[in-house]
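**Student:** Now for the letters of each chain:
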Amino acid sequence: MKNIGQPAKRTFPWSHVTGYVGSIVLTVLALLFTVKAPFSQGSLITILLGFAILQILIQLIFFMHITEKNGPAYHSIAIALGFLFTFAVVAGSIWVMTFGSQVQ
Amino acid sequence: MVETTGRPIPDPKSSKHLHGTEEEEKNILGFWIFLSTDLVLFACLFATYLVLRTHTDGGPTTAQLFDIPMFTLETFILLTSSFTCGLAVREMRYNNLRRLLGWLAVTVLLGLIFVGIEASEFLSYSSEGATMQRSAFLSGFFTLVGTHGLHVSLGIVWMISVGIQLLRDRIHPTTARKLFNAGLYWHFLDVVWVMIYTVVYLMGVMK
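Line order of the protein sequences matches chains F and C. Going by the working numbering, the first sequence opens with residue 197, and the numbers climb by one from there. Going by the working numbering, the second sequence opens with residue 71, and the numbers climb by one from there.
Here chain F stands alone, though its shape is the one from the complex (with noise of 0.2 Å):
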């Protein structure tokens, strides 16, 4: 293919490799948490939960580009009601088999 519509300056991809950069160090600083345990139990879930968010944020801001739009975010709303139902339905399963011998 001939480069038609070739920018004549090609920017480094500073957001991409950030992103990129940014999830393989979540990656092993939430392993090292876990094989390591400096923390009790309790807070070791805490950061790692903390971290599969910042990983969740980095994809959808860095990768799906969730920031752009043309117009109204209605995607944003979308997959963030979607996000919502994911917390309602896990959180809430654990929530109610804490009751413990109630629902067995």
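These aren't lab readings, by the way, just hints derived from the structure by calculation. A quick note: this is a predicted structure, and the numbers were derived from the prediction, not measured. Do not take every clue at face value.
Derived contacts from chain C toward chain F, CB cut-off under 10 Å, selection only [said to hold, decoys possible]:
1) E95
2) L99
3) L120
4) S152
5) N166
6) V264
7) Y267
8) M276
9) K277
No residue lacks a Cβ here, since even glycine has one placed at the ideal position from N, Cα and C.
Position chain C against the provided structure of chain F, taking the given hints into account.
**Tutor:** Just chain C now, with coordinates in the frame of chain F:
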């Protein structure tokens, strides 16, 4: 920029050419809505897994089963493929078909390696007697992780198809939209995998 083919030339600084027509823009919005419903499917599988993860019926537990180097490698491969897929979509914005197809091929290759490792992981579990029928935990595990693996396999077929269409039709609003949606799907599978990595594997080997 030099116009040589009569085709509209995209502005690399914006995604506006993705929305060549209102139709393409609606298509992308529709795909985001599909992703949110797909997320709800995974939410149900996550909830089932988390409720059943301790119900091992005397069979293998998460800590006995999961192999840290294996799932870490899977995570690195999938994260890298998400990065290369992002670079493919970026080349589309520069209207550079050759580089686009190169990054897309790397993405497909990494996806195939991921599926291969996951298949060997499942095979080694079942050869140790940890089959789907063994316990409620294993039913939940294979259903959740297997559904993700199936999505990745479908994504590979999809990206190959989009690659063939791009070779045939070059970059124009319709093929650009198809690649963009396939890219969204691929990054979305990474979002789901990050949750599996954290909730299934890391919390499974946690002391």
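**Student:** Indicate, hint by hint, whether the structure satisfies it.
**Tutor:** Hint check:
no., hint, result
1, E95, "holds (7 Å)"
2, L99, "holds (5 Å)"
3, L120, "holds (6 Å)"
4, S152, "holds (6 Å)"
5, N166, "holds (6 Å)"
6, V264, "holds (4 Å)"
7, Y267, "holds (7 Å)"
8, M276, "holds (6 Å)"
9, K277, "holds (5 Å)"
The structure shown violates none of the earlier numbered hints.
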